[in-house]
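Trainee: Sequence:
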Amino acid sequence: MALTNVLKHAGKDAHVHVSLSYEPSRLVVDVVDDGRHGGATGDGAGSGLRGMYERVSSMGGTLHAGPLAADWAVTAAVALCA
Numbered sequence: 001m002a003l004t005n006v007l008k009h010a011g012k013d014a015h016v017h018v019s020l021s022y023e024p025s026r027l028v029v030d031v032v033d034d035g036r037h038g039g040a041t042g043d044g045a046g047s048g049l050r051g052m053y054e055r056v057s058s059m060g061g062t063l064h065a066g067p068l069a070a071d072w073a074v075t076a077a078v079a080l081c082a
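Sequential numbering from 1 applies to the sequence shown in our numbering.
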């Protein structure tokens, strides 16, 4: 969903970096883009950040989203089952 938000809000010249980190007890997904996010609005058809929070929380994970220097970042961490 974070990648969809890049398409909707970051602008046509934005670049995005996605990284996955596998740790012994959790999986961490980082999505960072350099888009402008200048008050762009979506079409209202999606759930946006609220939907991401709900999905990650339902799996016992955490989600952080917001500005990171000149970029925008979304980080989700989900515990892995033993």
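In short, the hints are calculated from the structure, not lab data.
Predicted, not measured: the structure shown is a model, and the values here were computed from it.
Honestly, I wouldn't trust all of these hints.
Unchecked claim - Keeping only pairs whose Cα atoms sit at most 16 angstroms apart, straight-line, the calculated EDC-like set for lysine to aspartate or glutamate is:
no.: 1; residue 1: Lys8; residue 2: Asp34
no.: 2; residue 1: Lys12; residue 2: Asp30
no.: 3; residue 1: Lys12; residue 2: Asp71
Trainee: Indicate, hint by hint, whether the structure satisfies it.
Mentor: Tested hints:
1. Lys8 x Asp34: holds, 13 angstroms
2. Lys12 x Asp30: Distance ~20 angstroms between Lys12 and Asp30 Cα, so the pair is violated.
3. Lys12 x Asp71: holds, 15 angstroms
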